[in-house]
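*Asks:* Residue numbers (UniProt numbering), protein chains in the order written: chain A, 1 to 116; chain B, 1 to 478.
Bear in mind the hints are in silico, worked out from the structure with no lab data behind them.
Predicted model, so just to flag it, every value in this text is computed and none were measured.
Wrong hints could be hidden among the right ones.
[Stated by the list, open to error] Every beta carbon over 10 Å from chain B, so not counted as near; a handful from chain A, in silico:
#1 27
#2 41
#3 58
#4 63
#5 66
#6 69
#7 77
#8 90
#9 94
[Claimed, not checked] No more than 25 Å apart at the CA atoms, straight line, and that leaves these computed lysine-lysine pairs for DSS-like:
#10 B:99 x A:88
#11 B:99 x B:86
#12 A:26 x B:392
#13 B:25 x B:392
#14 A:26 x B:450
#15 B:68 x B:86
#16 A:88 x B:392
Cβ atoms here follow ideal geometry from the backbone N, Cα and C, with glycine treated the same way.
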Amino acid sequence: MLACHVRNCTKDNFPLAFADVELVVKPAEENLDFLRRFLPKLDWRALVDTARSLGDTALPDDMPATWTDEQLQALHHVLLEIHVEEGKMICRGCGHVYPIQNGIPNMLLAEHEISR
Amino acid sequence: MPLYFLRVSLEHLSFRIPELLSIAKLFEFELKILSTDIYRGVIVIEVDKDEYVERILDRGVLVISVSKLYAEATNYEDLHAQLKEKRELFEPDLDACFKITLECVNNRPLDKRYRQVVEDFSWTELRGKIDLKNPDIEFVVLEDYDHVTLHTRQARLDRDGKFQKVYFGKRMGFSRARPVINVQDIKQRAFYGNTSMEAEMGLLLAGQALLIYDPFVGTGSLLYAVAHWGASVIGSDIDARQFRGKQKGKDVTPGIFRAAAAYGYDQRFLDVVAFDVTHGPWRRGGFLDAIVTDPPYGVRAGAKRLGKSTTRKRNTLRDEPYQFDDGTFAHERPGYLPPSKPYELVDLTLDLVQLSRYLLVPGGRLVFFLPTVNDDFEHVDVPVVEGMREVKHEDGSLQDFGKWGRRLITMEKTATDDGPMPTFGDHSELTEERLPGHHQFNKRYLEGFKPREGGEGSEETSEAEEQAPAEEMAQLKV
Chain A
1 MLACHVRNCT KDNFPLAFAD VELVVKPAEE NLDFLRRFLP KLDWRALVDT
51 ARSLGDTALP DDMPATWTDE QLQALHHVLL EIHVEEGKMI CRGCGHVYPI
101 QNGIPNMLLA EHEISR
Chain B
1 MPLYFLRVSL EHLSFRIPEL LSIAKLFEFE LKILSTDIYR GVIVIEVDKD
51 EYVERILDRG VLVISVSKLY AEATNYEDLH AQLKEKRELF EPDLDACFKI
101 TLECVNNRPL DKRYRQVVED FSWTELRGKI DLKNPDIEFV VLEDYDHVTL
151 HTRQARLDRD GKFQKVYFGK RMGFSRARPV INVQDIKQRA FYGNTSMEAE
201 MGLLLAGQAL LIYDPFVGTG SLLYAVAHWG ASVIGSDIDA RQFRGKQKGK
251 DVTPGIFRAA AAYGYDQRFL DVVAFDVTHG PWRRGGFLDA IVTDPPYGVR
301 AGAKRLGKST TRKRNTLRDE PYQFDDGTFA HERPGYLPPS KPYELVDLTL
351 DLVQLSRYLL VPGGRLVFFL PTVNDDFEHV DVPVVEGMRE VKHEDGSLQD
401 FGKWGRRLIT MEKTATDDGP MPTFGDHSEL TEERLPGHHQ FNKRYLEGFK
451 PREGGEGSEE TSEAEEQAPA EEMAQLKV
């Protein structure tokens, strides 16, 4: 859901690419109704590509028109359970590096990147 | 419809009715408040079924206990007379194991009188076994006294029995939500900060939403409460130290997750991210069910946003990254913190409402605290944004601290689109006509809330005087 928001960075600023990641799987409460409602908000292409870059290939190429519970569980795993504990998120547009430490991404901008 | 009387908390008076109404709305039942004076310790309500009372007991943080109302009166003769006419009320419980409890609001009954009050009910001919520890049925006599301060023992003894009203009924149960206040007590939390919010308030704000966001998460106090009712939560803050905690290094669980785990809510804490709301990375809006927040007032923990403060020597932002002599860039060093400037509360509240209009789903809710100077507050101070509607009961809810108070503002998104991302620009036009009660709140807090005329008024006139000669000069030139 996060895009690069550096000043004047408007092209290719989503999705952010992961690099040097350490993954942790933390179980999360399953709430399939919540996921169903969340579906239209997703950018499917970006999600699948990102999941694959992290080594999870359970999601199909195209967004299924009707969802089986199994597919929803795979989505639940990708969206809510895979945590990037350490690593970086890099903007494809401007190259800004957002570090992730202890599972907390730091999306603060540097001085010269703040929009006026 | 059957009547019930609620014994309610004597704290947070103006929050109690809105809480009951919101529970009724959440579980979709009709609730009527019959008490005329809603600031007493007892509230009489009307609902359709006992089942709805259970919902109130599940969720009512400010409710202590609920009983079915049999009779109410201003003295015992009247009470007994009324009850004798409704003897059929006791029919079903005649053989049940029971006890009779005397409770008082704002008073402690004398033991002798307690016994007398209970024995006066002997005419009911309840045949069941009396069990004071585990009765099946508990009858409640509730005396409601005025709140007065009495300094002598004799005065307290004399007042005993001189209540305003007495209620009699059958206990439905005690609130199951209220003990959560103690569970979430800040002092027992695995991780907390110096401005953590009290648990009681946090629990009050929590609604029924599935995905809730706090843009000023701090140490996460509000999110624990919200997560308690089952929502998934995300949070953000400009200052990551607040939720990371003191410990540093790899394999350290950030404080906010540690505390969440201690409560067993860690599965509901989806993410916490460090960023400034006014320079946020949201790709799209319209996906949050609720935004719940206690924004920074700027008194203890200062409210900050990215930018350069005007008081700094170099008060414009650099266009190029700063490079040290050794060729490294400042912003690439570990521990780099971008410059920040104070965030005026007037700007912040309007930004918050505009951001909510963008991020919430239609019908989603924004709940936040607005600290204001009580004398200066007028309802127009609450920011108005197209597409957001304020939800309130009568004068709204206020946690009163004397000269200042924090007001709980609830808003609902009525717009069906998300609109553009707000620009978080300058809102100085808001303060032109009239200064809102929360303008420069931190400064006025530190000044002890002196009335405005003296301090800022004189500044304004001096500014006006300065401008006036300039205008005269201009006219002269013409």
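*Asks:* Now, for every hint given, state plainly whether the structure supports it.
*Replies:* A quick look at each hint next to the structure:
no.	hint	result
1	27	violated (6 Å)
2	41	violated (4 Å)
3	58	holds (19 Å)
4	63	holds (16 Å)
5	66	holds (22 Å)
6	69	holds (18 Å)
7	77	holds (13 Å)
8	90	holds (13 Å)
9	94	holds (12 Å)
10	B:99 x A:88	violated (65 Å)
11	B:99 x B:86	holds (19 Å)
12	A:26 x B:392	violated (39 Å)
13	B:25 x B:392	holds (13 Å)
14	A:26 x B:450	violated (52 Å)
15	B:68 x B:86	holds (14 Å)
16	A:88 x B:392	violated (44 Å)
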